[in-house]
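**Student:** Sequence:
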Amino acid sequence: MAPPGCFRRVLLTALALALLGFVAAAGPHQTPALELAEELAEELWGAGLPGDLPELEPECRSLLAAFAEGSAALTGCLGRRARPVRLCQGCHGHYRRLLAQYGSIARAVGNSSESHNCARSILTSDRLQIVVTLSEFFNETWEAANCANCLKNNSEGLSNSTEEFLDLFNKSLTCFEHNLQGQAIDLSPNNYTEVCKNCNETYTKLNDLYNHLQRMNRQGGESVHSAHLCIDVEDAMNITRKLWSRTFNCSLPCSDTVPVIAVSSFILFLPIVFYLSSFLHSKQKKRILILPKRIQSNASLVNIQEKYS
3 MAPPGCFRRV LLTALALALL GFVAAAGPHQ TPALELAEEL AEELWGAGLP GDLPELEPEC
63 RSLLAAFAEG SAALTGCLGR RARPVRLCQG CHGHYRRLLA QYGSIARAVG NSSESHNCAR
123 SILTSDRLQI VVTLSEFFNE TWEAANCANC LKNNSEGLSN STEEFLDLFN KSLTCFEHNL
183 QGQAIDLSPN NYTEVCKNCN ETYTKLNDLY NHLQRMNRQG GESVHSAHLC IDVEDAMNIT
243 RKLWSRTFNC SLPCSDTVPV IAVSSFILFL PIVFYLSSFL HSKQKKRILI LPKRIQSNAS
303 LVNIQEKYS
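Numbering (our numbering), first residue to last: 3 to 311.
Worth flagging that the hints you see were computed from the coordinates, not collected in a lab.
Keep in mind the model is a prediction, meaning the values are calculated, not measured.
Cβ coordinates follow ideal geometry from the N, Cα and C atoms, glycine included.
Errors might be hidden in some of the hints.
Restricting the straight-line Cα-Cα distance to at most 20 Å, the calculated cross-link-like pairs of lysine to any residue (SDA-like) are [said to hold, decoys possible]:
#, residue 1, residue 2
1, K244, R88
2, K207, E179
3, K207, T176
4, K154, G92
5, K207, N172
6, K173, K244
Quick list of simulated restraints, FRET-style, between CB atoms [claimed, not checked]:
#, residue 1, residue 2, range
7, L130, D169, 37 to 47 Å
8, Q131, H180, 17 to 27 Å
9, T206, D128, 56 to 66 Å
Starting from the given sequences, assemble the full structure and let the hints guide the process.
**Tutor:** Printed below as a string of structure tokens:
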């Protein structure tokens, strides 16, 4: 089988002959036409058309390969950590590297000429723009997960509050497991009294910290997703609450019981105080109204006695 280069030369020669067909049509000038076609074929071959279409420069090809490997690594990480959700704490390194790789493509320029700009060749040279589409997908996924709320400002690792929360979360799960193993023989499957009693303190700390993080996030956030913490923290808290309330049927004492009772008692006794004060006020007013009548009757009696005396 002939090498591909031979076929390319034949095709180029045929193309050149087609371009010079009007010359080849003249009988006596067939040989000069063939020579001219071969020269034109050599020029086309040197230009890389149509057998060798312009390809990416080595620098651009290297950048594209790095982005492809980074996309595959991040996709694999997201898929493996989908359940239970551990995207932010496990994939932030892959995401940070992919951002850097995309930035290198957007800024890079090839060595040969301005026409071989890597950004233009890789990002905007076709309608599909697969590299741009992939980058937008990863950015939207990362933003929807609110991973920035779990990480430090430079995204190099988990924030202190997130590490504290995950530490309490792991302690809660460990407490659940330990107490379940301790009562598995003696108690029925639906009786989790030991779990509720022994893990109440750890679970309360975890729940209080989560509520605190939510309040802080709502006060400081202005984005669309500001009402949510990062997906790792939310998923961990949802798992713990389901185990605590549904599986173990435990309840968390309300810390606002005393204020609620005080306010309820005040509202309950408010009508009694109102009616009592109204009664006393009306009785006092009645006394004030009667007093002038008695004075007037006594004065009349004195006047009558003076007349008949």
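**Student:** Could you check the structure against the hints above and give me the numbers of any it violates, in ascending order?
**Tutor:** Hint 8 is the one this structure does not satisfy, whereas the remaining hints hold.
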